[in-house]
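Position chain B against the provided structure of chain A, taking the given hints into account.
Those protein sequence lines, which keep their order, are chains A and B.
By this note's numbering, the letter at position 105 of the first sequence is numbered 105, and the numbering carries on one by one without gaps.
Each number in this note's numbering corresponds to the 1-based position in the second sequence with 112 added.
No lab work stands behind these hints: they were computed from the structure.
Glycine is no exception: its CB is placed at the ideal position from the N, C-alpha and C atoms.
There may be inaccurate statements among the hints.
To be verified - Dumping the calculated DSSO-like pairs for lysine-lysine here, alpha-carbon to alpha-carbon at most 27 angstroms: (1) Lys68/A <-> Lys131/B; (2) Lys42/A <-> Lys131/B; (3) Lys42/A <-> Lys183/B; (4) Lys42/A <-> Lys121/B; (5) Lys179/B <-> Lys42/A; (6) Lys134/B <-> Lys68/A; (7) Lys1/A <-> Lys121/B; (8) Lys42/A <-> Lys134/B; (9) Lys153/B <-> Lys1/A; (10) Lys1/A <-> Lys152/B; (11) Lys148/B <-> Lys1/A; (12) Lys42/A <-> Lys148/B.
Said to hold, decoys possible - Which residues of chain B face chain A? A partial, calculated answer using Cβ under 7 angstroms: (13) Ile168; (14) Phe217; (15) Ser219.
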Amino acid sequence: KQEVTQIPAALSVPEGENLVLNCSFTDSAIYNLQWFRQDPGKGLTSLLLIQSSQREQTSGRLNASLDKSSGRSTLYIAASQPGDSATYLCAVPSGGYNKLIFGAGTRLAVHP
Amino acid sequence: DTAVSQTPKYLVTQMGNDKSIKCEQNLGHDTMYWYKQDSKKFLKIMFSYNNKELIINETVPNRFSPKSPDKAHLNLHINSLELGDSAVYFCASSHSGRNDYGYTFGSGTRLTVV
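Extracted from the complex, chain A is given alone in its bound form (with noise of 0.2 angstroms):
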């Protein structure tokens, strides 16, 4: 059975660090992994999606990797800034169909 995992559960950094956020699965046996950020009250946004032959994906200030023989992700923000508060969750499929299976996810707090 998938369970993921997301460490730390909360982060509260000042501005302008570089942050990472750690995902670790059970079974390596993954398609793809996908971060998504959900904010107060608001639908989940993807942010990127790394297929399991991949290492890394980029997208602006976020990088994610992929090892998938280890079970873990991590989601690396650079440069942290205050409209990245957020709840960011991890997600690995599961399954013939790949449902998706959440972490519990890391609730971020940039202060000015």
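This is chain B only, laid out in the frame that chain A set:
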């Protein structure tokens, strides 16, 4: 705009009532899902349809009944609402068999049962 759209955005209702949530996607995806986000913000799958066929049915009370009239629409009907049904319900869609495609989520329906 290409998107997954859900209605209504907010739903406040009394215990015992029956309510429906509707979802539509214009992304050309063949698989749609309902997820529930509880008060602790944990997201868990409820149902999934692939080309109108139910393929995932997690342990959900049978008061919840999904319906997919076509592959672009997925509705959720809830009978005899209970306080514990209060949550945010998200619709999502994806391409089956496409590892380079991720999920796209709707903006959610916040259901409050009083």
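We went through each hint and held it up to the structure:
no.: 1; hint: Lys68/A <-> Lys131/B; verdict: 42 angstroms, violated
no.: 2; hint: Lys42/A <-> Lys131/B; verdict: 21 angstroms, holds
no.: 3; hint: Lys42/A <-> Lys183/B; verdict: 25 angstroms, holds
no.: 4; hint: Lys42/A <-> Lys121/B; verdict: 10 angstroms, holds
no.: 5; hint: Lys179/B <-> Lys42/A; verdict: 25 angstroms, holds
no.: 6; hint: Lys134/B <-> Lys68/A; verdict: 37 angstroms, violated
no.: 7; hint: Lys1/A <-> Lys121/B; verdict: 33 angstroms, violated
no.: 8; hint: Lys42/A <-> Lys134/B; verdict: 17 angstroms, holds
no.: 9; hint: Lys153/B <-> Lys1/A; verdict: 21 angstroms, holds
no.: 10; hint: Lys1/A <-> Lys152/B; verdict: 21 angstroms, holds
no.: 11; hint: Lys148/B <-> Lys1/A; verdict: 19 angstroms, holds
no.: 12; hint: Lys42/A <-> Lys148/B; verdict: 14 angstroms, holds
no.: 13; hint: Ile168; verdict: 5 angstroms, holds
no.: 14; hint: Phe217; verdict: 4 angstroms, holds
no.: 15; hint: Ser219; verdict: 4 angstroms, holds
The structure is inconsistent with the numbered hints 1, 6 and 7, although it conforms to all the rest.
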